[in-house]
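So my numbering is basically just the index in the sequence shown, starting at one, shifted up by 269.
Since the hints were derived computationally from the structure, they do not count as laboratory data. There could be a bad hint or two in this list.
In silico DSBU-like pairs for lysine-lysine, Cα to Cα no more than 30 Å straight-line [unchecked claim]: (1) Lys389 x Lys487; (2) Lys423 x Lys411; (3) Lys411 x Lys322; (4) Lys411 x Lys316.
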Amino acid sequence: MCKVNTCLWIIAPAFALVAALVLTSPIGASTEGADIQVIESSPMVEKHLSQFKDIIGDDYAGYRGHIYRTLSFSLHFLANETHRGAIEAALVYHDIGLWTDSELAYLEPSTAKAMEMFKKLDDNFSKEDLSMIADIIRNHHKITTFEGDSDHAKVVEAVRKADIIDAYMGMLTMGMSKANIALVTATIPNAGFHKTLANFVPRLHGWNFPRGLYEVSKIFRW
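Use the sequences and the hints to build the structure in full.
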């Protein structure tokens with residue numbers, strides 16, 4: 270977790286950037302030369318995400334799109350699908366605490382909800398899968414690289430970079446080509462996802478922005 274003063278310096282400009290992006294169109298780069306596989310549906314994602322359709326409500330299409338864009342970027346970074354099932358499951362739950370627990374500091378509630386639902390839905394994830402899923406959720410807002418040469422570390426880092434790309438609508442490319450970003454964002458509609466992000470602080474804390482920013486600061490770590 271960041272120290273409060275440090276994180277406020279980070280997240281206040283970040284929120285301003287997201288708000289600015291919401292008022293503009295996504296980057297309209299050419300898709301020429303794109304070589305990414307765009308994933309628009311998956312049984313694993315739909316199985317888990319559908320459990321929360323009523324809770325997520327009007328934000329459902331936006332969050333679903335965010336999951337699939339981030340999944341597409343993640344698997345392209347990895348260049349293989351060895352851990353696709355674990356990645357898909359992690360992405361369903363990585364932000365879920367925003368809705369299930371109404372928490373801006375949602376990493377631990379999201380992790381707990383994932384573990385609860387895996388038992389409920391009788392998913393046969395290995396201990397290593399469960400550890401990887403927990404690390405993906407807890408570190409997708411990590412500011413610095415998730416270090417390590419293991420497959421586990423590479424997966425967590427790929428998802429971290431992929432989430433950043435989508436959260437900032439391609440303004441931060443994290444090494445992904447602009448053509449690939451353009452193809453993914455053109456194929457999978459935004460459906461208001463970034464407006465949802467920008468609205469969560471006032472939705473949960475009204476105009477008490479200092480408290481809202483303080484709560485959000487808890488999701489960032491070095």
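Here is how each hint holds up against the structure:
With a C-alpha separation of about 28 Å, the suggested pair Lys389 and Lys487 falls inside the 30 Å cut-off, and the hint holds. Of the pairs offered as hints, the one joining Lys423 and Lys411 holds, with about 14 Å between alpha carbons and a cut-off of 30 Å not exceeded. For the suggested pair Lys411 and Lys322, the alpha carbons sit about 28 Å apart, so the restraint of at most 30 Å is met. In summary, the hint linking Lys411 to Lys316 is supported, as the alpha carbons are separated by about 28 Å, within the 30 Å threshold.
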